[in-house]
Amino acid sequence: GIQVEQSPPDLILQEGANSTLRCNFSDSVNNLQWFHQNPWGQLINLFYIPSGTKQNGRLSATTVATERYSLLYISSSQTTDSGVYFCAVYILTGGGNKLTFGTGTQLKVEL
Amino acid sequence: DGGITQSPKYLFRKEGQNVTLSCEQNLNHDAMYWYRQDPGQGLRLIYYSQIVNDFQKGDIAEGYSVSREKKESFPLTVTSAQKNRTAFYLCASSTAPGQSEYFGPGTRLTVL
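Sequence lines, in order, name chains X and F. The C-terminal residue of the first sequence carries number 111 in the numbering used here, and the numbering is unbroken. The C-terminal residue of the second sequence carries number 112 in the numbering used here, and the numbering is unbroken.
Any given hint might turn out to be false.
[What the hints assert, rightly or not] Not everything, but these chain F residues come out facing chain X in the computed CB check (under 10 Å):
#	residue
1	F12
2	R44
3	P97
Calculated from the structure, these hints are not laboratory results. Small disclaimer: the values here were computed from a predicted structure and weren't measured. The beta carbon of each residue, even a glycine, is placed where N, CA and C say it ideally should be.
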């Protein structure tokens, strides 16, 4: 099946710093989604981004589908950005579209 | 408020018992999904439903069952729970398969 790899696995930042999270996938995908899982376990939808670039406040994402990767940029990080960031890709199976998750990047933002 | 609700937040069962996890959405979404998350891991798909009265097995369906009798409800049953079913269970929905998925708050199941 498709492989979804995220890097780095762990990241510690000082508040105010910028960071880039990467997601590589091993096969063609229909779409891609980025999530933030907060310390209470809630998964929050960040971006639905099959290709191109999107921005939402301090966050932006870029997907280059032809080269099989996506990047999530966090600028001016805040302690509330802490948590796990997941990339997930949609692949079309015999039964329909299915979302496959990467293993995540654990981010900790310190004062 | 529109959204996805899961209940209960925490659930404890003894081995061998059946247990049903609730998932309700009022987003008018056609597609619904169940995922399992183990500590330090990503999410794995258990079952999904693209439309009422239809559902498909995901990657780890063995030992689980679902029903989709109503558009807004997609309950998950853990059959004869074993300790290895202890995990965080997340329900999600989307307007259609392949569209952006939105998640509920999750249920933490512990099998004793």
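Here's how the hints hold up against the structure:
With 10 Å as the threshold, the beta carbon of F:F12 stays out of range of chain X, its nearest partner Cβ sitting at about 17 Å, so the hint is violated. Using the Cβ-Cβ criterion of 10 Å, the hint placing F:R44 at the interface with chain X is satisfied: the shortest such distance is roughly 8 Å. For the restraint placing F:P97 at the interface with chain X, the shortest Cβ-Cβ distance is roughly 4 Å, inside the 10 Å limit, so the hint holds.
Hint 1 alone, counting from the list given before, is not met by this structure.
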